[in-house]
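There are 4 protein chains.
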Amino acid sequence: MTGSDETTPASTGEHGMYFLEKVTPAESIQHRMERVLASGRTRFQDYFIFDTRYFGKTLVLDKDVQSTEKDEFVYHETLVHPAMLTHPDPKDVLIVGGGEGATLREVLRHPGVRSALMIDIDDQLVEMARELLPEWHQGAFDDPRSEILCEDARGWLETHERKFDVVILDLTDPVGEDNPARMLFTREFYGLVRDHLNPGGVMGMQAGMVLLTHHRAHPIVNRIPGFFLNFGFLLASDEHDLSRADPAETARRIEQRGLTLRHLDAEYLHSRFALSKDLKDALAAETMVSSDAAPFWLGEDGAAHQRASREAAEG
Amino acid sequence: MTGSDETTPASTGEHGMYFLEKVTPAESIQHRMERVLASGRTRFQDYFIFDTRYFGKTLVLDKDVQSTEKDEFVYHETLVHPAMLTHPDPKDVLIVGGGEGATLREVLRHPGVRSALMIDIDDQLVEMARELLPEWHQGAFDDPRSEILCEDARGWLETHERKFDVVILDLTDPVGEDNPARMLFTREFYGLVRDHLNPGGVMGMQAGMVLLTHHRAHPIVNRIPGFFLNFGFLLASDEHDLSRADPAETARRIEQRGLTLRHLDAEYLHSRFALSKDLKDALAAETMVSSDAAPFWLGEDGAAHQRASREAAEG
Amino acid sequence: MTGSDETTPASTGEHGMYFLEKVTPAESIQHRMERVLASGRTRFQDYFIFDTRYFGKTLVLDKDVQSTEKDEFVYHETLVHPAMLTHPDPKDVLIVGGGEGATLREVLRHPGVRSALMIDIDDQLVEMARELLPEWHQGAFDDPRSEILCEDARGWLETHERKFDVVILDLTDPVGEDNPARMLFTREFYGLVRDHLNPGGVMGMQAGMVLLTHHRAHPIVNRIPGFFLNFGFLLASDEHDLSRADPAETARRIEQRGLTLRHLDAEYLHSRFALSKDLKDALAAETMVSSDAAPFWLGEDGAAHQRASREAAEG
Amino acid sequence: MTGSDETTPASTGEHGMYFLEKVTPAESIQHRMERVLASGRTRFQDYFIFDTRYFGKTLVLDKDVQSTEKDEFVYHETLVHPAMLTHPDPKDVLIVGGGEGATLREVLRHPGVRSALMIDIDDQLVEMARELLPEWHQGAFDDPRSEILCEDARGWLETHERKFDVVILDLTDPVGEDNPARMLFTREFYGLVRDHLNPGGVMGMQAGMVLLTHHRAHPIVNRIPGFFLNFGFLLASDEHDLSRADPAETARRIEQRGLTLRHLDAEYLHSRFALSKDLKDALAAETMVSSDAAPFWLGEDGAAHQRASREAAEG
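Protein chains in written order, with our numbering: chain A, 1 to 315; chain B, 316 to 630; chain C, 631 to 945; chain D, 946 to 1260.
Keep in mind the hints are simulated off the structure, nothing from the lab.
Heads up, the beta-carbon is just placed ideally off N, CA and C, and yes, glycines get one too.
The reader is advised that the hints may include incorrect statements.
Derived BS3-like pairs (lysine-lysine); straight-line CA-CA distance at most 27 Å [as the list claims (entries may be wrong)]: (1) 967/D x 907/C; (2) 277/A x 337/B; (3) 372/B x 57/A; (4) 1002/D x 910/C; (5) 372/B x 652/C.
Heads up, incomplete: computed chain A residues facing chain D, CB under 10 Å, no partners named [stated by the list, open to error]: (6) 14; (7) 15; (8) 22; (9) 35; (10) 36; (11) 50; (12) 60; (13) 63; (14) 64; (15) 141; (16) 198; (17) 259; (18) 263; (19) 268.
Simulated coverage check for chain C against chain D, where a stretch passes if three residues somewhere in it have a Cβ under 8 Å from a Cβ of chain D [said to hold, decoys possible]: (20) 677-691; (21) 788-797; (22) 885-897.
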């Protein structure tokens, strides 16, 4: 190409390129794109990588903005460190998903880690992240402790015995009844994960959509209070309960491991376990359980759906 | 009109009416409008009231969505109750702004309140809220304890001696250098508010934009982590510090006053005082002080601006 | 309402209200609305009436902009006068559709007209036009020569013997397989119209969509050359052929009838019969005939569809 | 890149990439982009090349869609052939602008042409067209009769004596007071062009914006009747007047030169000289003359502006 790579900076409403993100069937966000770095479809998902004025590089998978150069640290610190800090000495870590490499990057910052296995089904995405998203992985793929597998994580778990101190699930939302990711959100899958945890092991996951299943009465309202989106995260362990742990111990671990975090500190991390009353009420009222026979999925409006599969119904 | 008042429900992208909300110069949100109830301009501001599929009635003043029928409780509970609960026995309350009446409604739920004075400069807005926004005020304007004045609150404070136990500032953002609301965000104005507090009095305010002034380095990033918006709220008192109070005492007061809240409980309320590390870092680095001589205002991108006024510069 | 009825004039991209018109599944137009005068649904169609900065009042029925205050004269002159001028002395005129009253207005400008019967199925639309669209009808509904019926025009034609010198079909596009208007675009319906013409009678119609049926190979391209839309109009008569008539005679009739037209003159009118080569080629290749048994309809992309009805197929 | 180059086809309103074209300050068009082939800025203009579902590749320069793969033939046939057919035997042709090569392609289809000189100031655009827009140029750049210069056409004309039988001006609109293209729309520039015509020479140009200058009373209305855009084209010659020529002679020339046109035939071409009454009225009322001392330019709303330059005013 002969042109310089700059378009005139301008406001929304001016001529130019935009990415439209659909938030609900009735609300959408327009992001002005300064430049499109890549767009297309891997075998598993649509992808868009583009530059924006305020957020820098932006990664979209399927229909959702996954993270941006300027604020991915908020998401990835919150996904990784609660689980890693809950465990007194995490040595072997499994990441399911996380193809852009930033989750791996945060895991590797814990100096006691000796192996980090990342399994993402989408080899094309991983290759693209390696080339186009250095701000995310920051070389994590080449760390000698890293091992990258591109295959179905559920299949791998079903056929391997290896165990881990921490498992991080970094998955996209199971939107749509045909979404294959649905099978990574069932009771049986969580059982598989537990079977691969060492004693005292901890699982952490982004779970905006899981909390959401508990909001069937008015899912959108709670998903987007005041039109604004919020994530949810989940921790699970047979042994440890960070929400009842002493923040002073968390602070001590952060210091001991030499973590210089940008978004989290011990006090703030522990405060995140407090949920609003309306959210607690909705969780208490929720009865849906996602299983292999009847996995849940999300509709376009964020509502959770579940239907017994034919085999189950006929079984 | 002869038509029934229904348009076909449909998704964004389908033909129909939309409200475009500008979030930054490079990001905007499209809200599908099922029906427009009112639009126009009072002497002070643009207004739009419309119906949406998921959020019900939506109120826009100038360029920002203020609140919606379905989730205004999150905003108004968070604005009002921390200040009211910080005070052991609030009897006389002043609300500056709050024209739609929901702040007044929440104040009046505290049974010890004997007078609630609301001063909003925009009589046309108050009249419209009375007629079109019953879901917000729920009759609060007609409560015998309510007194509504439509005039400049700063002028009123400068010429009256009356004192209050709690003052709630419920103001729109001072966007634009010419915004008259700028004079309600200066050191001198806060001094005026203090002068009208009884001993032990408490001030509460929505302060998303005030926190924002402390983020000049990267205001948008912190205002909208991950493209998502968050509010900030401020409490001030010479005597009480809710952030260091015992949550059990807060819980006791909630019960004692018979408050049935939807969003807040004591534990969650107290957890809100924890700020993320990046926000605390930004606050610590902030040096801007807004004064009558050099009031700050917000640019379209959310950045704080300040310029010494001519008189001040020449004085 | 207490507010003045003005919002701040501003550009697209600024906060405010927009109407989104869908042109193809991949192209849409955003119209900034200064004010919404009415929106809703009659028994038959969605409607939107709003003010715009450059085009004044705008009328939308179902999903299409029908006409605007500033340029409706282009459409209505072109729909009405070719047929009226083709006939040497039109006395009795039938209008099918045309609820907003501008077609009637143009018909009545021919001084020889003694009766103008307008049949529009949508009484709510007619009532709304009478109240909110005076710029369109300009009092035509109250002309003593006017007669307005609100019922199904096909049913009326099937049960009445009355004959006319000119019939104008002013219908919305039959978009969608379920569109009842489909039955006003079949061979049988045109036969009905012919049966109601006096000897030498003339039919005129807006036929963008009819021409379109002849463009199945690449309908969108021809519908929207260069992304721009164009209308088509059709004239039919057993006796007269305006396309072969002498423009001087047309000019004479315009003068004789005292018509002061804004868009048409004789020369320009006659030039409109010339069609581009690609359009003529497409018309020549077209074989679809719409019938009651297999009426055609338009898809969202403007392509013509036809399917034999079950009864027909089974008959 | 590792991904296949396909995104899921979907409707406007669905998540994905869009190009926003601004038509007036109050109306804009959203074009869904299936894939972005190039975007950036040359030394002279912004450019965007992207794929669309219905129109194929689309070229945008600065803020306007210039042409699309599927319908560029309509524009380029109409720009080139009227001038070429007006001349009985065009041998030497000059094209000013026309960087994408389609105008050159149409010129070269006249077998009598022995030289075609194209002068486009933007070498980066020409290079990009050569690589990315083969559907436009179809090899015309490599025709032995073609000569391509990338420099300022006005400067070239001022310093060269070479004469031509036909000159085609294929320029973008002079939008904005600073637009350098303004100096290619002045009386003096047209004088320069005339000086470079052989006796009997013909100039043809796209002149949507020139006609537009004659519509100051309500430019938008006439530019976009019914919200729809239309082009204008101009022919000028000291000797020939195609509008009064015999269509049969035009048809003879088309046949003689072996031109197989897709959009034009003689009858249709001649019918294009008829202008609507409102346009003729506006042209008759127009008094603005663009000169080097006071060149006109177009505002965002399509209105023509003119201001005497300082030197002129002071001269």
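How the hints compare with the structure:
no., hint, result
1, 967/D x 907/C, "violated, 31 Å"
2, 277/A x 337/B, "violated, 31 Å"
3, 372/B x 57/A, "violated, 35 Å"
4, 1002/D x 910/C, "holds, 25 Å"
5, 372/B x 652/C, "holds, 26 Å"
6, 14, "holds, 7 Å"
7, 15, "holds, 4 Å"
8, 22, "holds, 5 Å"
9, 35, "holds, 6 Å"
10, 36, "holds, 4 Å"
11, 50, "holds, 8 Å"
12, 60, "holds, 8 Å"
13, 63, "holds, 4 Å"
14, 64, "holds, 8 Å"
15, 141, "violated, 15 Å"
16, 198, "violated, 35 Å"
17, 259, "violated, 33 Å"
18, 263, "violated, 27 Å"
19, 268, "violated, 32 Å"
20, 677-691, "holds (count 4)"
21, 788-797, "violated (count 0)"
22, 885-897, "holds (count 6)"
Taken one by one, the earlier hints fail for this structure at numbers 1, 2, 3, 15, 16, 17, 18, 19 and 21, listed in ascending order.
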